[in-house]
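S.K.: Position chain B against the provided structure of chain A, taking the given hints into account.
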Amino acid sequence: MSENPTFWSSIAEHWEIARTLRHLQIHFDAEKCTGVWQCYEVCPVGCWTPNLETRKVTFHDPDWCIACGACVLQCPEKAIELK
Amino acid sequence: MATVFMKWLETSPETYDRGIQLLTLGRLTPLKEKIAREYVQPGMRVLEIGCGTGTLTQMMAERGAAVTGIDASPLMLAEAQAKIAAAGLDKRVTLKQMDASLIGEKFEPKSFDLIVSTLVFSELPVSAQTYVLAACVDLLAANGRLLIADEVLPQNKLGRWLYWLIRLPLVLITWLLTRTSTAALVDFDNLLSEVGFNTNRTVSYLVGTLVLYEAAPANLQSPISNLPAAVNGRLHHQTTILTLLKDAWALFFRVIPPYPKQQPGLYAIGQPDETAPVLVTGNYDLTVRRVVKALDGAIDCWLLVADSAGINVWCAAGGGYFTAEKVITAVKSSHLEEIVSHHALILPQLAANGVDGWKIRQETGWGVHWGPVKAADIPAYLAARRKKTEAMRWVRFPLKDRLEMVSATLGLYGLMILLPTFIFWRHLFWPVTAVFLSLAYFYAIVLPWLPGKDGLWKSIPLTVLALAGLGVWTAVIHPLPPRQLFNWAIALTAFSVFTGGELQGMSPLMRGEQANWGWEATIWAVLAAIYWVTPLLTK
Numbered sequence: 003m004s005e006n007p008t009f010w011s012s013i014a015e016h017w018e019i020a021r022t023l024r025h026l027q028i029h030f031d032a033e034k035c036t037g038v039w040q041c042y043e044v045c046p047v048g049c050w051t052p053n054l055e056t057r058k059v060t061f062h063d064p065d066w067c068i069a070c071g072a073c074v075l076q077c078p079e080k081a082i083e084l085k
Numbered sequence: 009m010a011t012v013f014m015k016w017l018e019t020s021p022e023t024y025d026r027g028i029q030l031l032t033l034g035r036l037t038p039l040k041e042k043i044a045r046e047y048v049q050p051g052m053r054v055l056e057i058g059c060g061t062g063t064l065t066q067m068m069a070e071r072g073a074a075v076t077g078i079d080a081s082p083l084m085l086a087e088a089q090a091k092i093a094a095a096g097l098d099k100r101v102t103l104k105q106m107d108a109s110l111i112g113e114k115f116e117p118k119s120f121d122l123i124v125s126t127l128v129f130s131e132l133p134v135s136a137q138t139y140v141l142a143a144c145v146d147l148l149a150a151n152g153r154l155l156i157a158d159e160v161l162p163q164n165k166l167g168r169w170l171y172w173l174i175r176l177p178l179v180l181i182t183w184l185l186t187r188t189s190t191a192a193l194v195d196f197d198n199l200l201s202e203v204g205f206n207t208n209r210t211v212s213y214l215v216g217t218l219v220l221y222e223a224a225p226a227n228l229q230s231p232i233s234n235l236p237a238a239v240n241g242r243l244h245h246q247t248t249i250l251t252l253l254k255d256a257w258a259l260f261f262r263v264i265p266p267y268p269k270q271q272p273g274l275y276a277i278g279q280p281d282e283t284a285p286v287l288v289t290g291n292y293d294l295t296v297r298r299v300v301k302a303l304d305g306a307i308d309c310w311l312l313v314a315d316s317a318g319i320n321v322w323c324a325a326g327g328g329y330f331t332a333e334k335v336i337t338a339v340k341s342s343h344l345e346e347i348v349s350h351h352a353l354i355l356p357q358l359a360a361n362g363v364d365g366w367k368i369r370q371e372t373g374w375g376v377h378w379g380p381v382k383a384a385d386i387p388a389y390l391a392a393r394r395k396k397t398e399a400m401r402w403v404r405f406p407l408k409d410r411l412e413m414v415s416a417t418l419g420l421y422g423l424m425i426l427l428p429t430f431i432f433w434r435h436l437f438w439p440v441t442a443v444f445l446s447l448a449y450f451y452a453i454v455l456p457w458l459p460g461k462d463g464l465w466k467s468i469p470l471t472v473l474a475l476a477g478l479g480v481w482t483a484v485i486h487p488l489p490p491r492q493l494f495n496w497a498i499a500l501t502a503f504s505v506f507t508g509g510e511l512q513g514m515s516p517l518m519r520g521e522q523a524n525w526g527w528e529a530t531i532w533a534v535l536a537a538i539y540w541v542t543p544l545l546t547k
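Just so you know, the sequences run in chain order A and B. For what it's worth, my numbering labels the leading residue of the first sequence as 3, then goes sequentially. For what it's worth, my numbering labels the leading residue of the second sequence as 9, then goes sequentially.
So that you can see chain A by itself, here it is in the shape it has in the complex:
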């Protein structure tokens, strides 16, 4: 925190942000899912759909995911990770 960012360290930091954001992917642990469907409630691009039979959710096309993190934050079981 106290170290001052230099020109190159700022560049490196932004490079790292870019790399991370580009490659973030959803990892969903269906075992943990208890079917509160909060992810479905908050996903702005329709990545999650509730499954009426299993009461759980299904994760769709990873290409749609915009890595906003809403489902990760709202999942009470911490069944979703973005990494």
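The hints are simulated quantities; they were obtained by calculation from the structure and are not laboratory data. We put the CB at the ideal spot given by N, CA and C, even for glycine. Take the hints with a grain of salt, since some may be wrong.
When the alpha-carbon atoms are kept at most 16 Å apart in a straight line, the in silico EDC-like pairs for lysine to aspartate or glutamate are as follows [stated by the list, open to error]:
hint, chain 1, residue 1, chain 2, residue 2
1, B, K461, A, D63
2, A, K80, B, E202
3, B, K461, A, D65
4, B, K367, A, E79
Selected chain B positions facing chain A (Cβ under 10 Å, derived; list incomplete) [claimed, not checked]:
hint, residue
5, H245
6, V363
7, D462
8, L517
Computed Cβ-Cβ distance ranges for the label pairs, DEER-style [unchecked claim]:
hint, chain 1, residue 1, chain 2, residue 2, range
9, A, S11, B, A416, 26 to 32 Å
10, A, H29, B, P487, 53 to 59 Å
11, B, T530, A, E55, 32 to 38 Å
12, A, D65, B, T397, 19 to 25 Å
13, A, E55, B, T23, 54 to 60 Å
14, A, S11, B, T397, 43 to 49 Å
15, B, Q29, A, H29, 44 to 50 Å
M.R.: Quick look at chain B alone, frame taken from chain A:
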């Protein structure tokens, strides 16, 4: 790019202290020394609301008091922690990250002999000021004192005029140097007495604009019942010259601060009663006006405006400015419990990336429902008993929004690119402007039909189209000499990559534009190399 700019705007703890020194013309430190010297005695239990970087915390602990310091910013707290540790005062100081509005619940009644706060109350909306002051009454032990040092807006006209005359240049210089600014208290003497404090202004510096209030609870009863009305007023949809001007500014320059803000607090739309729904939103002026436009005349409801630093809900939530704490503060400070008979909050779906719904449920007992993406869908959503259709929960990016967002993005980038062109390469200004604008708006129009899964991939067909356009221009309309043709080809490729890559951040339909920076920088470096090397080879 936008994030680099935001980084620059962020106040770091190091520059904050410097900024405050500048703004108060160095008067704050003597004030703090006076507080520590004259009011603090060994063994006193002191609560410091907003300890910042811990300057006063340290002074008071050195006088022998047991100090509890709270601050909303983890960065500031880390700085304070380091300061306290360096002075060897860990045993007498407890630091906690906490919003001021939570003190009434987190601490025991009558547990402090002294409550101190410098430059914090002026940052709070009036409703929160009232709420925190009322909590202070409860927290103070017998013979306890409240000390508030803050900036004050003078009451009379001449005073105000003088205030702005002195303040304006100071504010500008300080903001440019340190990105720090402060607000001023309005009519605070009255508020203190309404809440139940006997007050006197013990010190006043800089023509009465920096004041130390010393206040003692007038009686021991909790004064909640004499609070001023908690509702801020009724909001109507209206179009005036001012709203048109604000819209015009927002169309091109919305990314440039200071952002126009709405005072946080509880507002009525229509004629709501105790059963009316409560909708939560951020305090960006444009957001509030658009919500009101969608709801006024359609439904009766309460609008709870939480402090999102004047930023729209999606960006504020993503950037950590709109959080569960901000919503909790708004709920508590507006006395919502006493105004409506239910316990349901409806939050914008696009705040879910930063507002932790479970935290709100746990800490307040209020239910959290994620409303539709668009404010225009709220009446239909409520009519369907809070059921969202698929269309309500998905972000769409129709042509009107695309044109609006391209304009908003071009405002800043346009200035950054076209201003230097105007100054240094004036003969190129009009061609560059024409190409830059037409490329960006063309991209906005054809975006859904361009192949590619994100902005960077879409910039490939955009480049092909742009180069084809250049080919047609030189073949049919105006033949260009080879050297100029080469320069334009390089420039168009760079522009296309910029447009595709950066305009990706315009909508929550794709990942943030930061994802493209690495590739953008690499492509530009390659283009620059081609630009410099090719002429050497062909000589």
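S.K.: Which of the listed hints are not met by the structure?
M.R.: 2, 5 and 11
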